[in-house]
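Participant: Spelled out from the first residue to the last, the chains are:
There are 6 protein chains.
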Amino acid sequence: MDSRVKKSETRQFRIIFPKNLNDQGTLFGGTAMQWMDEVAYITATRFAKKKMVTVSSEKVQFLLPIKSGTIAEIVGKVSKVKNVTIEIHVVIYLEEMYSDLRQKVVEASFTFAAINNFNKPIPII
Amino acid sequence: MDSRVKKSETRQFRIIFPKNLNDQGTLFGGTAMQWMDEVAYITATRFAKKKMVTVSSEKVQFLLPIKSGTIAEIVGKVSKVKNVTIEIHVVIYLEEMYSDLRQKVVEASFTFAAINNFNKPIPII
Amino acid sequence: MDSRVKKSETRQFRIIFPKNLNDQGTLFGGTAMQWMDEVAYITATRFAKKKMVTVSSEKVQFLLPIKSGTIAEIVGKVSKVKNVTIEIHVVIYLEEMYSDLRQKVVEASFTFAAINNFNKPIPII
Amino acid sequence: MDSRVKKSETRQFRIIFPKNLNDQGTLFGGTAMQWMDEVAYITATRFAKKKMVTVSSEKVQFLLPIKSGTIAEIVGKVSKVKNVTIEIHVVIYLEEMYSDLRQKVVEASFTFAAINNFNKPIPII
Amino acid sequence: MDSRVKKSETRQFRIIFPKNLNDQGTLFGGTAMQWMDEVAYITATRFAKKKMVTVSSEKVQFLLPIKSGTIAEIVGKVSKVKNVTIEIHVVIYLEEMYSDLRQKVVEASFTFAAINNFNKPIPII
Amino acid sequence: MDSRVKKSETRQFRIIFPKNLNDQGTLFGGTAMQWMDEVAYITATRFAKKKMVTVSSEKVQFLLPIKSGTIAEIVGKVSKVKNVTIEIHVVIYLEEMYSDLRQKVVEASFTFAAINNFNKPIPII
Chain F
1 MDSRVKKSET
11 RQFRIIFPKN
21 LNDQGTLFGG
31 TAMQWMDEVA
41 YITATRFAKK
51 KMVTVSSEKV
61 QFLLPIKSGT
71 IAEIVGKVSK
81 VKNVTIEIHV
91 VIYLEEMYSD
101 LRQKVVEASF
111 TFAAINNFNK
121 PIPII
Chain L
126 MDSRVKKSET
136 RQFRIIFPKN
146 LNDQGTLFGG
156 TAMQWMDEVA
166 YITATRFAKK
176 KMVTVSSEKV
186 QFLLPIKSGT
196 IAEIVGKVSK
206 VKNVTIEIHV
216 VIYLEEMYSD
226 LRQKVVEASF
236 TFAAINNFNK
246 PIPII
Chain V
251 MDSRVKKSET
261 RQFRIIFPKN
271 LNDQGTLFGG
281 TAMQWMDEVA
291 YITATRFAKK
301 KMVTVSSEKV
311 QFLLPIKSGT
321 IAEIVGKVSK
331 VKNVTIEIHV
341 VIYLEEMYSD
351 LRQKVVEASF
361 TFAAINNFNK
371 PIPII
Chain A
376 MDSRVKKSET
386 RQFRIIFPKN
396 LNDQGTLFGG
406 TAMQWMDEVA
416 YITATRFAKK
426 KMVTVSSEKV
436 QFLLPIKSGT
446 IAEIVGKVSK
456 VKNVTIEIHV
466 VIYLEEMYSD
476 LRQKVVEASF
486 TFAAINNFNK
496 PIPII
Chain Y
501 MDSRVKKSET
511 RQFRIIFPKN
521 LNDQGTLFGG
531 TAMQWMDEVA
541 YITATRFAKK
551 KMVTVSSEKV
561 QFLLPIKSGT
571 IAEIVGKVSK
581 VKNVTIEIHV
591 VIYLEEMYSD
601 LRQKVVEASF
611 TFAAINNFNK
621 PIPII
Chain H
626 MDSRVKKSET
636 RQFRIIFPKN
646 LNDQGTLFGG
656 TAMQWMDEVA
666 YITATRFAKK
676 KMVTVSSEKV
686 QFLLPIKSGT
696 IAEIVGKVSK
706 VKNVTIEIHV
716 VIYLEEMYSD
726 LRQKVVEASF
736 TFAAINNFNK
746 PIPII
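Protein chains in written order, with this note's numbering: chain F, 1 to 125; chain L, 126 to 250; chain V, 251 to 375; chain A, 376 to 500; chain Y, 501 to 625; chain H, 626 to 750.
I should point out that these hints are in silico values taken from the structure, not numbers from a laboratory.
Cut-off 30 Å, straight-line C-alpha distance, at most; resulting in silico cross-link-like pairs (DSS-like, lysine-lysine):
#1 K269(V) - K425(A)
#2 K207(L) - K59(F)
#3 K104(F) - K269(V)
#4 K67(F) - K184(L)
#5 K674(H) - K104(F)
#6 K442(A) - K506(Y)
#7 K59(F) - K192(L)
#8 K6(F) - K692(H)
#9 K144(L) - K51(F)
#10 K582(Y) - K551(Y)
#11 K604(Y) - K707(H)
#12 K245(L) - K269(V)
#13 K495(A) - K354(V)
#14 K577(Y) - K567(Y)
#15 K424(A) - K452(A)
#16 K192(L) - K80(F)
#17 K269(V) - K317(V)
#18 K174(L) - K132(L)
#19 K6(F) - K632(H)
#20 K207(L) - K104(F)
#21 K327(V) - K300(V)
#22 K729(H) - K551(Y)
#23 K245(L) - K104(F)
#24 K176(L) - K317(V)
#25 K692(H) - K77(F)
#26 K684(H) - K519(Y)
#27 K479(A) - K424(A)
#28 K692(H) - K144(L)
#29 K479(A) - K144(L)
#30 K382(A) - K309(V)
#31 K442(A) - K301(V)
#32 K559(Y) - K729(H)
#33 K131(L) - K257(V)
#34 K675(H) - K702(H)
#35 K620(Y) - K442(A)
#36 K67(F) - K317(V)
#37 K82(F) - K229(L)
#38 K684(H) - K549(Y)
#39 K257(V) - K354(V)
#40 K59(F) - K82(F)
Extracted from the complex, chain F is given alone in its bound form (with noise of 0.2 Å):
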């Protein structure tokens, strides 16, 4: 079970540019929820290898804004194996381009739900 969640992990780099931008010149609150569901659901497929919906998102809690010319680290690892669900926790990290800083600046925990071709909920596992 360890080897498959940590096999299931899943990365994704991204570099903050102008078309990520909100009015203020920080990365859009909705544009990383979306980073955030996209590897979530990855993640979620690679560990089940079944057709997986978003059932829900927990708090998605914006710790620090990302600025334009920085690199953002999205993280995606399995939590919770439940029978027809599964949650899976995602983090955001900021890493400036110039220099070794690196922090947390979201946080967050979405849940899916394993479906068959007649959209029924199947086990997980």
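Here the structure of chain F is known, so what remains is to put chains L, V, A, Y and H in place on it, guided by the hints.
Facilitator: For chains L, V, A, Y and H alone, kept in the frame of chain F given last:
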């Protein structure tokens, strides 16, 4: 106060096009979250007329998948005004294109803080 | 009839982000036209509940540039119902983020036809 | 003058991908308008070598739907030079990928004004 | 043959908007590559009138950065026709908006193969 | 040195959605190139912690088409450090969503230069 809440209510109709779909042919959950955050951000700004930053989103519940060729209405409304933060309740309604069916498909709450030009929290009202 | 016109009125709030700007730092005219056509298409479909195709847009008048960091509301309303075509009047209002200023900035009319599954024109009502 | 008109003629080939489609599987009208405005803006700027702003578009006529998997050529050409405004005629031609069929599918005119750094109208030539 | 090469020449004018920029305020290299591949693909298809797939790109040389508020023309031309593959030479020219300066800024070659409906290579001509 | 190479290794998981497809229903080659350049740029920057510009890409080889509903992992790794330039090797791996199949589908090398604030080349290390 009530009239200010009413006046800042923010609506956004969207139509689901192929560019909004995931690999299963339904609206990608992350895109729904991005739309909700945009509507919530506009609602908060139109109410407070101050610079707002996203603090967090509460549980986002996906009740039903949104198919291609349907219409979505995202509605944002002020639900709580605290000292330096404001809570916006957002709902996505799904409307079928060729029938009168309309139903609630996603629901969430977002919290924003008002900040001054030095990024310090200031009163909402 | 009037209530059907009222019910199909379609609103879309948007916020101007860097990705929407031209090289002069204002909303690109073509993007404004795309938003207006989307709102007009939704308005026409919500009124007729039939498959609609854009036939033409009438004169689109750009009254004022829309700057970054402002809010736009695009409003579509049925203005004329003919036999097989329908006319939608669309206005973009600009709202400043941190003041009560609101003014009309773009205005246009779009004509749509209702078609059946063989792409033949059919009555709107 | 004629050579200047000829030299500023502006062409843009595009291929229709899923991201450009509406829910009916054809090119979304608003996207066609955005492409035409971009080509018109480039044509006007290449002719006048001055800062241009869109004043209006005249009637945009959609003659035929543009399907996925076809090629579009958007062609912009100066059609009238007045004192402080310039008119650009834009046509979209559709080319089938695997045959020699080529036909006109959309046609429109755009008017631009030349402005100085204080946003005041200045002569085109 | 020469007239067929001439007829399939494919041009695409683009204007550099904020959404195309990297964090340094210049056109993101990857976006330039995407535009070149699109133009090369259209050129190959318009020449062969067959289903084409990208086999490879040769060295892509970035000679100069492309700044915001400039115009790019991407030009694709058939440079070699082999049995089952075709080579397209692509150049990006940069044009300043308010002067007559025009210079070559990126250059590359792309190879495409013609395939049938079973994805098997077939002769280009 | 080796640990610095290891530490700057950069991974980006993506899922292929309709918006990424060409007219043949597979990942558009130009989009793959854009993703590879983004990952290469982040890898180079994370290694050198200096301002980097793309100098060139070497031959990009497309081994297999990438279908909708598959997962792609783009991996960038420093492969050569010269005086003022650095070479990044990038591979795209394809993972099927519902099986354990994983295979290499695209491979390329990108060269970047480090520059100072006057755009003059400076040593990588």
